[in-house]
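Taken in sequence, the protein lines are chains A, B and C. The opening position of the first sequence corresponds to residue 1 in UniProt numbering, with each subsequent residue numbered one higher. The opening position of the second sequence corresponds to residue 1 in UniProt numbering, with each subsequent residue numbered one higher. The opening position of the third sequence corresponds to residue 1 in UniProt numbering, with each subsequent residue numbered one higher.
Hints listed in this document are in silico derivations from the structure and should not be mistaken for laboratory results. We treat Cβ as the ideally placed atom computed from N, Cα and C, and that holds for glycine. Treat the hints with care, since some could be wrong.
[Unchecked claim] Derived DEER-like restraints, expressed as beta-carbon distance ranges:
| no. | chain 1 | residue 1 | chain 2 | residue 2 | range |
| --- | --- | --- | --- | --- | --- |
| 1 | C | Gly-23 | A | Leu-87 | 18 to 26 Å |
| 2 | A | Ala-35 | C | Val-20 | 38 to 46 Å |
| 3 | B | Gln-91 | C | Ala-123 | 24 to 32 Å |
| 4 | C | Ala-80 | B | Asp-39 | 33 to 41 Å |
| 5 | C | Met-124 | A | Asp-39 | 20 to 28 Å |
| 6 | C | Val-120 | A | Asp-39 | 47 to 55 Å |
| 7 | B | Ser-101 | C | Pro-71 | 41 to 49 Å |
| 8 | C | Leu-87 | B | Val-74 | 39 to 47 Å |
| 9 | C | Ala-80 | B | Val-81 | 48 to 56 Å |
[Said to hold, decoys possible] Here are the simulated lysine to any residue pairs, SDA-like style, with alpha carbons at most 20 Å apart:
| no. | chain 1 | residue 1 | chain 2 | residue 2 |
| --- | --- | --- | --- | --- |
| 10 | A | Lys-24 | A | Leu-53 |
| 11 | C | Lys-24 | A | Gly-98 |
| 12 | C | Lys-24 | A | Pro-97 |
| 13 | C | Lys-24 | A | Ala-105 |
| 14 | C | Lys-24 | A | Lys-24 |
| 15 | C | Lys-24 | A | Met-50 |
| 16 | A | Lys-24 | A | Met-50 |
| 17 | B | Lys-24 | C | Phe-104 |
| 18 | C | Lys-24 | C | Ser-101 |
| 19 | A | Lys-24 | B | Met-50 |
| 20 | C | Lys-24 | A | Ser-99 |
| 21 | B | Lys-24 | C | Ser-101 |
| 22 | B | Lys-24 | C | Lys-24 |
| 23 | A | Lys-24 | B | Lys-24 |
| 24 | B | Lys-24 | C | Arg-47 |
| 25 | A | Lys-24 | B | Phe-104 |
| 26 | A | Lys-24 | B | Gly-38 |
| 27 | B | Lys-24 | B | Trp-3 |
| 28 | B | Lys-24 | C | Ser-99 |
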Amino acid sequence: MNWIDLVATLAVLQFIAFGVLVGKARARYGVHAPAVTGDPMFERNYRVQMNTLELLVALLPALYLAARYWPADVVAGVGAVYLVGRLIYRQAYLRAPGSRSLGFALSALPILALLGATLVGIAMGR
Amino acid sequence: MNWIDLVATLAVLQFIAFGVLVGKARARYGVHAPAVTGDPMFERNYRVQMNTLELLVALLPALYLAARYWPADVVAGVGAVYLVGRLIYRQAYLRAPGSRSLGFALSALPILALLGATLVGIAMGR
Amino acid sequence: MNWIDLVATLAVLQFIAFGVLVGKARARYGVHAPAVTGDPMFERNYRVQMNTLELLVALLPALYLAARYWPADVVAGVGAVYLVGRLIYRQAYLRAPGSRSLGFALSALPILALLGATLVGIAMGR
Chain A
1 MNWIDLVATL
11 AVLQFIAFGV
21 LVGKARARYG
31 VHAPAVTGDP
41 MFERNYRVQM
51 NTLELLVALL
61 PALYLAARYW
71 PADVVAGVGA
81 VYLVGRLIYR
91 QAYLRAPGSR
101 SLGFALSALP
111 ILALLGATLV
121 GIAMGR
Chain B
1 MNWIDLVATL
11 AVLQFIAFGV
21 LVGKARARYG
31 VHAPAVTGDP
41 MFERNYRVQM
51 NTLELLVALL
61 PALYLAARYW
71 PADVVAGVGA
81 VYLVGRLIYR
91 QAYLRAPGSR
101 SLGFALSALP
111 ILALLGATLV
121 GIAMGR
Chain C
1 MNWIDLVATL
11 AVLQFIAFGV
21 LVGKARARYG
31 VHAPAVTGDP
41 MFERNYRVQM
51 NTLELLVALL
61 PALYLAARYW
71 PADVVAGVGA
81 VYLVGRLIYR
91 QAYLRAPGSR
101 SLGFALSALP
111 ILALLGATLV
121 GIAMGR
């Protein structure tokens with residue numbers, strides 16, 4: 001099984017799911033398009049989606065770049081930590097935005113690790 | 001001709017065009033950077049661009065992931081529906097944000113179809 | 001050395017760095033999550049990150065698409081202009097949002113050049 005493709009596909013689907021939940025939050029909290037402010041709980045949902053967008057844009061190239069230089073299974077395992085980190089981030093952010101650090105770290109550090117490993121791989125001319 | 005590369009390139013160019021139109025809307029409706037609110041028509045333009053950003057980030061990996069497991073021509077054809085869906089979405093959103101559902105579905109469903117097909121392909125070990 | 005991978009990795013790291021600076025600006029200007037407005041200097045920092053997100057989503061596919069049809073060294077060189085353009089853009093935007101045009105052009109034109117070159121490459125059936 002291609003684990004990197006699996007992690008990448010799940011990361012995109014997770015982001016889409018967060019977007020669907022923003023759509024539901026629009027209805028629930030009465031925030032009508034094009035507004036993206038007006039209710040604190042809607043704004044938390046929306047910020048989770050936007051922050052996940054920011055990280056997904058970094059994760060996907062990080063996965064496939066790292067996989068050019070390092071074993072695919074290890075790269076996919078590091079990427080899987082991101083998926084869990086995002087779930088923790090979402091739960092924490094909705095409960096209290098100030099508690100989002102752990103989930104953020106668990107999703108941002110795997111990306112930095114993959115990009116750092118890529119730079120090492122490039123420099124070693126592998 | 002590489003149809004997937006063509007659809008991917010056109011999707012990125014479409015997104016850039018939507019961004020140029022946001023720039024024009026800034027001038028037209030008097031919304032000066034860094035503000036992104038203050039005029040409803042500007043906000044519609046801006047939300048179209050942001051929503052297209054959210055979907056483009058999912059479409060591009062979906063195209064190339066699906067193409068690893070399924071025929072490129074079929075994948076490119078599904079991707080072409082996204083391009084049309086985005087045009088319909090933009091027209092509808094600018095006219096009345098509440099009427100954006102059809103255009104949204106026509107651009108989101110092709111992405112979900114490609115990601116679903118990718119999961120099937122991964123599971124089948126193709 | 002794989003120059004395209006290097007430019008791509010640096011572009012993602014640059015974007016992450018801009019995100020870290022937004023986090024610092026949150027603390028410095030007292031804008032607490034989930035808010036993204038309330039202080040003009042925070043908003044400038046945030047808009048730089050968002051605009052870089054919009055361009056990064058176009059740059060990464062542009063780099064790898066162009067590299068399928070044209071020499072990798074030339075593609076990487078064009079991509080390197082983007083990196084410099086983003087730095088100029090950030091400095092200018094933080095000083096005065098109205099002065100951001102040069103930095104924007106230096107980061108957007110390389111992307112358009114790569115996408116245009118890709119379309120030529122596809123049409124030529126290379």
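Consistency of the hints with the structure:
| no. | hint | result |
| --- | --- | --- |
| 1 | C:Gly-23 with A:Leu-87: 18 to 26 Å | holds (21 Å) |
| 2 | A:Ala-35 with C:Val-20: 38 to 46 Å | violated (29 Å) |
| 3 | B:Gln-91 with C:Ala-123: 24 to 32 Å | holds (28 Å) |
| 4 | C:Ala-80 with B:Asp-39: 33 to 41 Å | holds (37 Å) |
| 5 | C:Met-124 with A:Asp-39: 20 to 28 Å | violated (53 Å) |
| 6 | C:Val-120 with A:Asp-39: 47 to 55 Å | holds (48 Å) |
| 7 | B:Ser-101 with C:Pro-71: 41 to 49 Å | holds (45 Å) |
| 8 | C:Leu-87 with B:Val-74: 39 to 47 Å | holds (42 Å) |
| 9 | C:Ala-80 with B:Val-81: 48 to 56 Å | violated (36 Å) |
| 10 | A:Lys-24 with A:Leu-53 | holds (18 Å) |
| 11 | C:Lys-24 with A:Gly-98 | holds (14 Å) |
| 12 | C:Lys-24 with A:Pro-97 | holds (16 Å) |
| 13 | C:Lys-24 with A:Ala-105 | holds (15 Å) |
| 14 | C:Lys-24 with A:Lys-24 | violated (31 Å) |
| 15 | C:Lys-24 with A:Met-50 | holds (18 Å) |
| 16 | A:Lys-24 with A:Met-50 | holds (16 Å) |
| 17 | B:Lys-24 with C:Phe-104 | holds (15 Å) |
| 18 | C:Lys-24 with C:Ser-101 | violated (25 Å) |
| 19 | A:Lys-24 with B:Met-50 | holds (18 Å) |
| 20 | C:Lys-24 with A:Ser-99 | holds (17 Å) |
| 21 | B:Lys-24 with C:Ser-101 | holds (14 Å) |
| 22 | B:Lys-24 with C:Lys-24 | violated (31 Å) |
| 23 | A:Lys-24 with B:Lys-24 | violated (31 Å) |
| 24 | B:Lys-24 with C:Arg-47 | holds (17 Å) |
| 25 | A:Lys-24 with B:Phe-104 | holds (15 Å) |
| 26 | A:Lys-24 with B:Gly-38 | violated (25 Å) |
| 27 | B:Lys-24 with B:Trp-3 | violated (31 Å) |
| 28 | B:Lys-24 with C:Ser-99 | holds (17 Å) |
Hints 2, 5, 9, 14, 18, 22, 23, 26 and 27, counting from the list given before, are not met by this structure.
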